[in-house]
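K.L.:
Sequence:
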Amino acid sequence: MEANQCPVVVEPSYPDLVINVGEVTLGEENRKKLQKIQRDHEKERVMQAACALLNSGGGVIRMAKKVEHPVEMGLDLEQSLRELIQSSDLQAFFETKQQGRRFYIFVKSWSSGPFPEDGSVKP
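Taking our numbering, the leading residue of the sequence shown gets 1080, the next gets one more, and so forth.
Fair warning: there could be bad hints in the mix.
[What the hints assert, rightly or not] DEER-style ranges, computed between Cβ atoms:
hint	residue 1	residue 2	range
1	G1136	Q1114	31 to 37 Å
2	E1102	A1131	27 to 33 Å
3	N1134	T1175	16 to 22 Å
4	H1148	W1189	30 to 36 Å
Everything labelled a hint here was simulated from the structure, so no lab data went into it.
The C-beta atom is built at its ideal place from N, Cα and C for all residues, glycine as well.
Go ahead and model the full structure; you've got the sequences and the hints to work with.
P.N.:
Here's what the structure looks like:
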């Protein structure tokens, strides 16, 4: 494995399945500044985690972001998630939360209904 690649890490110590995908550049303007290969590599890590969680009962994708202020995910990441679920409604399967330098994507299982109000334990 190359030194600059961050492996995806499953963290079993949480009530929900948490997949840590490492540092991801967020925000449309920030993502546009990346080289295509880095942008695609980050997107691939997030999509692999999303696919795994959709197919295994749901859970949380945790990533580190470079800046502490709130940012949007980025259009390429959002579009890839839409393509993964084959729907324009991201909220049907994904919710996001930012806490400091952490960005969380809460993933609902293919077989579940909408997120319950008191559902997944959020950090």
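K.L.:
Compare the structure with each hint and give your call.
P.N.:
Going down the list of hints, with the structure as the test:
no., hint, in the structure
1, G1136 - Q1114: 31 to 37 Å, "holds (35 Å)"
2, E1102 - A1131: 27 to 33 Å, "violated (19 Å)"
3, N1134 - T1175: 16 to 22 Å, "holds (20 Å)"
4, H1148 - W1189: 30 to 36 Å, "holds (33 Å)"
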